[in-house]
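Protein chains in written order, with our numbering: chain B, 407 to 665; chain A, 407 to 665; chain R, 407 to 665.
Simulated from the structure, these hints should not be mistaken for lab results. These figures come from a predicted structure and were not determined experimentally. Where hints are given, some of them may not hold.
What the hints assert, rightly or not - Quick list of in silico lysine to any residue cross-link-like pairs, SDA-like style, CA-CA up to 20 Å:
no. : chain 1 : residue 1 : chain 2 : residue 2
1   : B       : 419       : R       : 411
2   : R       : 427       : R       : 443
3   : R       : 427       : B       : 457
4   : B       : 627       : A       : 565
5   : R       : 627       : B       : 604
6   : A       : 408       : R       : 420
7   : R       : 492       : B       : 460
8   : B       : 427       : A       : 459
9   : R       : 408       : B       : 466
10  : A       : 408       : R       : 414
What the hints assert, rightly or not - One side of the interface only, derived from the structure: several residues of chain B facing chain A at Cβ under 7 Å:
no. : residue
11  : 407
12  : 413
13  : 534
14  : 549
15  : 599
16  : 635
The beta-carbon is built from N, C-alpha and C at its ideal position, and this holds for glycine as well.
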Amino acid sequence: MKFNNRNVYISPKARIGQNVKIGDNTTIYDNVIIGDNSIIANDCIIGEPLHDYYHNENYDNPETIIGENAMIRSHTIIYANSTFGKNFSTGHRVTIREHSKFGDNCRLGTVTDIQGYVEFGNNCWLHSNVHIGQKSKIGNFVFIYPYVVLTNDPTPPSDICIGATIGDFSQIAVGTVLLPATKIGKHCLVGAQSLVGGEYEDYSLIIGNPGKRIKDVRDMKNRETGISHYPWPYNFDRGMPWIEEGFEKWKVKNGFEND
Amino acid sequence: MKFNNRNVYISPKARIGQNVKIGDNTTIYDNVIIGDNSIIANDCIIGEPLHDYYHNENYDNPETIIGENAMIRSHTIIYANSTFGKNFSTGHRVTIREHSKFGDNCRLGTVTDIQGYVEFGNNCWLHSNVHIGQKSKIGNFVFIYPYVVLTNDPTPPSDICIGATIGDFSQIAVGTVLLPATKIGKHCLVGAQSLVGGEYEDYSLIIGNPGKRIKDVRDMKNRETGISHYPWPYNFDRGMPWIEEGFEKWKVKNGFEND
Amino acid sequence: MKFNNRNVYISPKARIGQNVKIGDNTTIYDNVIIGDNSIIANDCIIGEPLHDYYHNENYDNPETIIGENAMIRSHTIIYANSTFGKNFSTGHRVTIREHSKFGDNCRLGTVTDIQGYVEFGNNCWLHSNVHIGQKSKIGNFVFIYPYVVLTNDPTPPSDICIGATIGDFSQIAVGTVLLPATKIGKHCLVGAQSLVGGEYEDYSLIIGNPGKRIKDVRDMKNRETGISHYPWPYNFDRGMPWIEEGFEKWKVKNGFEND
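The shape of chain B in the complex, shown without the other chains:
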């Protein structure tokens, strides 16, 4: 039904792995490397040349490396000079600019916009319509919900660019803005529609405009159960590597023993 090889362009300089499917109307430019068993759906552009291409006759497209088992949904645009670990997936219409580095098992939702020059660890899940400014640095197992924006210019417009950082396991809820240079620790929860600047210690619940640390997430008791959902890895395992043995055992084997 899909993958009819209609109007597909693959550069002879691209390196396509085994058992890769390329959707109709998709374009893959020079020096794109796609891992085995990946799916690139319809109407995508992979390895979009950088701006220099338009001005430099000797332009050579930098490598774009997509790990094995990727699922790139339709209308996604990925610039050259980025790296994606295995099991990378996108929703539709995702835009990823150059110099973006993603670990394994990352997922980006529909319309999400990665401005480039960013770094993500493993297992980060971004929902629809997230905007990640340049120089953002995100840890592992960080989930970011719709319409969150990470900014980087403290006095717009200027040439200063200081991205936000987010520690492992932290959650940034819908509609929140992180101001430039914000540092969110590990296992934090930032509430919906907050406007957050400054630095926050691990396990902070941060809420409001302006955002403030309200309490320790471990003290957020569920009204019915009397138990805190956080740290969430003890209570959520769908798609997580600890799904079989539980977070308690998994974390010790995987270098997260202090979490």
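Starting from the known structure of chain B, arrange chains A and R on it as the hints suggest.
Below, chains A and R without anything else, positioned relative to chain B:
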């Protein structure tokens, strides 16, 4: 000018009505049913297969039913297994996931993102860039303005999914977030950039972060006229079925006599 | 690498300047005029017919005029009946409806949505995912950051449409909503995630929900330097016409002597 039949793919298993126009570069997959006099513009994907397609050799695409007189604008993606009443229209780049059910005369604005497993009544108008989370349930004549988000996970991340519900004739203004399980009654007005949780009775004006019921919308007097614009159906009829006879008469004939 | 002339449609009634490059899968409709040395990248639609096209057999597509040296990035849709000065650029997936007028050197970021019937001066830079409602009027050197929305209906839904106006050199930070009929003076700074209505004098710092004038931007001293970054043209010149001689000299020669 348009509809040159360039690079169009229509599955032989699709059923296309009379006098339907299909735009260039558009793909229509198996078991899509399109009603008479509809327009599907350029670069659309209709009947996108569900995730199971990639894993199941015997996958059979579920039906996608688009009523008569539809206008689907360019770059829209609609997954299989959804139903749309007559006169359905979308702006550009709309994404609609599976198990979405829309009544008659619904309109979705540019970049709007319907996450699937949702239900809309008749005559709902969503403006640009609205995000509707799974399990949302929306009545009739509901208008939702740009950058509104309906959420569903009370303790992210979790496997709990409780959508918001919105009653007939309610209006959700720009940039507002409805928290999981929020229940908005009929004829309510939720002000711009509010963060709203909980349950609200009919005719509520709800504003703020956190959102609160401020007053009855019928008590919002216009400074110049001294009259309330709400309930709005008495004061707005562009594109509405009561445009000829007025809301007062129309509502009695159409089962809205208590409105 | 790009510009392979694959699946390109250019109306014989379009007028394409010298040294223009048109990307693969792009469609250019009747009466589009593109200035010399422009680049229209892949998968774009330029000169999209207005709604009347579908109902009027004698429809004649109005002119769409794009000045010289434009850079229209991929997946952008521009309706007929708009005018763009020289050096116009867009990110990806920009949507521009009819009756939009842009001066020289304007830039629109990825996913930005211009609803039409708007007017921009010269050198306006809109970042990603900005939404500009109809009847907005924006001066020169105005910068608008991601997820900002300019609205126009004071009592939704209604047929009243009063756009916001923004004076020269003003900055609207991320996630802010301007309510209908808002008037922002020159050299103002509107802080992130504000909800702003009313009228504001020149040099206002406006912050909050509801937004209020907090102080004069010239009194915002930098903690380290003790100097205000604002008015910013004295401190930022990347891509600005005063980059060589400085704002002080430039403004006098160019009619901005009172700034």
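Now for the hints, and whether the structure bears them out:
1. Our distance criterion of 20 Å between C-alpha atoms is met by residue 419 (chain B) and residue 411 (chain R), whose separation comes to about 19 Å.
2. Only pairs whose Cα atoms come within 20 Å are accepted, and residue 427 (chain R) paired with residue 443 (chain R) is accepted, the gap being roughly 8 Å.
3. Among the hinted pairs, residue 427 (chain R) with residue 457 (chain B) is consistent with the structure: their alpha-carbon atoms are about 15 Å apart, no more than 20 Å.
4. Under the criterion of a C-alpha separation no larger than 20 Å, the hint pairing residue 627 (chain B) with residue 565 (chain A) is consistent with the structure, at around 18 Å.
5. Restraint check for residue 627 (chain R) and residue 604 (chain B): satisfied, since their Cα atoms lie roughly 19 Å apart, inside the 20 Å limit.
6. Distance restraint check for residue 408 (chain A) and residue 420 (chain R): the Cα-Cα separation of roughly 14 Å lies within the 20 Å cut-off, and the hinted pair is therefore satisfied.
7. With a C-alpha separation of about 17 Å, the suggested pairing of residue 492 (chain R) with residue 460 (chain B) holds against the 20 Å cut-off.
8. About 13 Å separates the Cα atoms of residue 427 (chain B) and residue 459 (chain A), which keeps this hinted pair within 20 Å; it holds.
9. Distance restraint check for residue 408 (chain R) and residue 466 (chain B): the Cα-Cα separation of roughly 13 Å lies within the 20 Å cut-off, and the hinted pair is therefore satisfied.
10. With a C-alpha separation of about 13 Å, the suggested pairing of residue 408 (chain A) with residue 414 (chain R) holds against the 20 Å cut-off.
11. Taking 7 Å as the C-beta contact cut-off toward chain A, the hint placing residue 407 (chain B) at the interface holds, the least distance being around 6 Å.
12. Hint status for residue 413 (chain B): holds, given a least beta-carbon distance of 6 Å to chain A, under 7 Å.
13. Here the hint on residue 534 (chain B) is kept, as its CB sits about 5 Å from the closest CB of chain A, short of 7 Å.
14. Of the supplied interface hints, the one on residue 549 (chain B) holds, with its beta-carbon coming within about 5 Å of a beta-carbon of chain A, less than 7 Å.
15. Taken as an interface hint, residue 599 (chain B) checks out: its beta carbon lies about 5 Å from the nearest beta carbon of chain A, inside 7 Å.
16. A distance limit of 7 Å between C-beta atoms decides the matter here; for residue 635 (chain B) the minimum to chain A is near 4 Å, and the interface restraint holds.
Hint violations for this structure: none, all hints satisfied.
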